[in-house]
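Participant: Model the full structure from these sequences, guided by the hints.
What follows is the residue order along each chain.
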Amino acid sequence: MEVLRDVNLQISSGEFVVFVGPSGCGKSTLLRIISGLEEISRGEIRLDGQLINDVDPAKRGVAMVFQSYALYPHMTAFGNMGFSLKLAHSPKPTIRDKVAAAAGILRLEKLLERRPGALSGGQKQRVAIGRAIVREPKVFLFDEPLSNLDAELRVQMRAELAQLHDRLGTTMIYVTHDQVEAMTLADKMVVMNSGVVQQSGRPLNIYDDPDNMFVAGFIGSPRMNLLKAVVVGRTPDSVTVNGPGIGLLTLPFRGFPGENGQVSLGVRPQRIGLLGVQEGAIANRVELSATLTFAEELGDVTYLHCDLSGGERLVLRSLDGHYSGGRRLTAVADAASILLFDESGRRIRPAT
Amino acid sequence: MSGASVIANIEPTAAPSGSFVRRPALSVWTILKWVIALCAVVVAVFPIWWMVNVVFAHSGEPVSINPRLYPTSLAAGFEKIRMILAETDYLRAYYVSLVYSLLTIAGVLLIGSMAAFEFALFEFPGKRLMFAVVMVSLMVPTAVTIVPTYLLTAKLGWLNTMQGLVVPGLASAFGLFMLIQFMKTLPREMLEAARLDGATHFQLYLHFALPLSRNALVTLAILTFMRTWGNFAWPLIVAPNPEIYTVGQVVGLFNSPLSHQTVDVVMTANLLAALPPLIFFLMFQRKIVEGIAMSGSKG
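Protein chains in written order, with the working numbering: chain D, 9 to 360; chain V, 1376 to 1674.
Bear in mind the hints are in silico, worked out from the structure with no lab data behind them.
Check before you lean on any hint, since a few could be wrong.
Claimed, not checked - Which bits of chain D does chain V cover? Going by a derived footprint, with three or more residues having C-beta under 8 Å, they are:
{"no.": "1", "stretch": "71-77"}
{"no.": "2", "stretch": "92-98"}
As the list claims (entries may be wrong) - Pair by pair, the computed Cβ-Cβ distance ranges are:
{"no.": "3", "chain 1": "D", "residue 1": "Arg123", "chain 2": "V", "residue 2": "Pro1651", "range": "33 to 39 Å"}
{"no.": "4", "chain 1": "V", "residue 1": "Pro1586", "chain 2": "D", "residue 2": "Asp217", "range": "51 to 57 Å"}
{"no.": "5", "chain 1": "D", "residue 1": "Gly125", "chain 2": "V", "residue 2": "Leu1513", "range": "33 to 39 Å"}
{"no.": "6", "chain 1": "D", "residue 1": "Gly125", "chain 2": "V", "residue 2": "Leu1581", "range": "17 to 23 Å"}
{"no.": "7", "chain 1": "D", "residue 1": "Ser31", "chain 2": "V", "residue 2": "Leu1513", "range": "38 to 44 Å"}
{"no.": "8", "chain 1": "V", "residue 1": "Glu1564", "chain 2": "D", "residue 2": "Arg122", "range": "16 to 22 Å"}
{"no.": "9", "chain 1": "D", "residue 1": "Ile113", "chain 2": "V", "residue 2": "Pro1651", "range": "51 to 57 Å"}
{"no.": "10", "chain 1": "V", "residue 1": "Leu1581", "chain 2": "D", "residue 2": "Gln171", "range": "33 to 39 Å"}
{"no.": "11", "chain 1": "V", "residue 1": "Asn1616", "chain 2": "D", "residue 2": "Arg122", "range": "55 to 61 Å"}
{"no.": "12", "chain 1": "D", "residue 1": "Lys94", "chain 2": "V", "residue 2": "Glu1564", "range": "19 to 25 Å"}
{"no.": "13", "chain 1": "D", "residue 1": "Ser31", "chain 2": "V", "residue 2": "Phe1499", "range": "28 to 34 Å"}
{"no.": "14", "chain 1": "V", "residue 1": "Pro1586", "chain 2": "D", "residue 2": "Asp105", "range": "25 to 31 Å"}
{"no.": "15", "chain 1": "V", "residue 1": "Ala1419", "chain 2": "D", "residue 2": "Asp105", "range": "57 to 63 Å"}
Even glycine gets a Cβ: it sits at the ideal position worked out from N, Cα and C.
Facilitator: Here's what the structure looks like:
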């Protein structure tokens, strides 16, 4: 069975790389391949220029932190963190010093004599990270390390991981299905789906400039609005589309390629406002009339879920905490913020 | 014995002070449960008590016209024990049985844990077939295999030797099955973490599979001890030389039709044979109950 296809990735030294994607997309498998716990049928893995396909997992210079912590239940925190050194027959003072140093970074000094059973979830995860630090790896691998923690602790640990990366300056590869974790932690984000790398790059670049409809929909919450339309005309500087619920729209677009046909329009909820509330100075505005179905009042923002006349769903953001308008409303968007995707979901970019 | 622990468990907790002390309703079912439990206790304890009673009394007294249900003479009992230890090779039999049991336990634990480690945690060609063979051997009663095993042991020249006693009992299909079930529950990610930490295959076994299966190993050790100490048929046929009699065989001599011993001397021999497992049981009672509950069988 093929789990991963055509994965081509270059990770620079010291980068914090996050693999993100829905479950079953192959991100954990890719991580396990890097660790050596999983074998590859084809291709090459190189670390520092050296081929490591057939190098034993323990000798690759990688250390892994597992979702389940995977601590050794019959050893103390100290024993867990020092185990690799003990196996390597390091002298006892060395083990003590290195474990103490790692424990200092992670504020675990007082817990070293405890066994995993007597530690909380966050402490266990810190011990697991400490176990990785002690090995002084070239690459840290994190396999959804925070998903077993409660929400508050997750935010706190996320910040600690970011600090840890700053402090150690070591390459870190991190797998998560949580796009907030991915966006906040990553220097470089790799979005994956069904075994294929969809796009990689800086998180905000991916957010603003997705390569395809999957990435556009997966990154960002609430999801990007995707509306079906047909191209009915174009000039060198614009393209005109027609769709149910949106009517005829002319969008500025330099050099629209290909034939007239089905396209999808993508626009983020954050880029749509309400007529009369947030018009601002939009140069090239698009107006859509819609019916409100339900309002998500989150306090700082309110997301309005609406139906367009064609039955398509449109989510938009109201900056006011409350929405007190009627059920009929008019949404306003900047035509320049609307992205185009072709029938197969690939992004159509304007010519530069 | 199990009846006794039932009674201990349903002891009512301290009644709350105050005027509204609610007694548990004394239903027919509650009474019936107690009656059944007490019957079980009598059935389980009486033979052992009778044995003690017969030993620590003057000859014939407990079975006389005026029987007693309690020991009447400690001195008479100790005299019988002294006589048996002095006039038979009972101490040597103790030694043989003990060595036989300990070597069997060591072997069963070592072989069983190593095999279970591979079966439970790794894939290898022929694994399913081999496991099926082991399971089938679990279903074959000892009586079927005892003759071929004897012939093989005889061919090896191991009659009347310790290895003849021990080696055929080392491969315990039941023990293997129990350990496999236990080791399957070891978290895979933990073993992967250990592999990344640099543990070799054998170190995974030594540092993880063994210590983390401690409870299962202790249970298997206890069950193996009970089985080996009480094993009569195998020592009887493979080691007929009095030099290497086990306790079971010595007791068998006392019980044989041509023995001219009185009942109380025979009982003394029985008591001496029953003592080590009894002490063992009292020491490890909790573990044994847990172990039997875990394995769902008495081995």
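Participant: The structure should be examined with respect to each hint, and the outcome stated for every one.
Facilitator: Do the hints match the structure? See the list:
1. 71-77: Check passed, 5 qualifying residues.
2. 92-98: holds (count 3)
3. Arg123/D - Pro1651/V: 33 to 39 Å: Given range 33 to 39 Å: holds, Cβ gap about 35 Å.
4. Pro1586/V - Asp217/D: 51 to 57 Å: 54 Å, holds
5. Gly125/D - Leu1513/V: 33 to 39 Å: 34 Å, holds
6. Gly125/D - Leu1581/V: 17 to 23 Å: 22 Å, holds
7. Ser31/D - Leu1513/V: 38 to 44 Å: 40 Å, holds
8. Glu1564/V - Arg122/D: 16 to 22 Å: The hint (16 to 22 Å, Cβ to Cβ) holds, given that Glu1564/V and Arg122/D are roughly 20 Å apart.
9. Ile113/D - Pro1651/V: 51 to 57 Å: 55 Å, holds
10. Leu1581/V - Gln171/D: 33 to 39 Å: 37 Å, holds
11. Asn1616/V - Arg122/D: 55 to 61 Å: Holds, since Asn1616/V and Arg122/D (Cβ atoms, about 57 Å apart) stay within the stated range.
12. Lys94/D - Glu1564/V: 19 to 25 Å: The hinted range 19 to 25 Å holds for Lys94/D and Glu1564/V, with Cβ atoms some 20 Å apart.
13. Ser31/D - Phe1499/V: 28 to 34 Å: Taking Cβ atoms as reference, Ser31/D and Phe1499/V lie about 30 Å apart, which means the hint holds.
14. Pro1586/V - Asp105/D: 25 to 31 Å: Given range 25 to 31 Å: holds, Cβ gap about 26 Å.
15. Ala1419/V - Asp105/D: 57 to 63 Å: Holds, at about 60 Å.
In the structure shown, no violation is registered for any of the earlier numbered hints.
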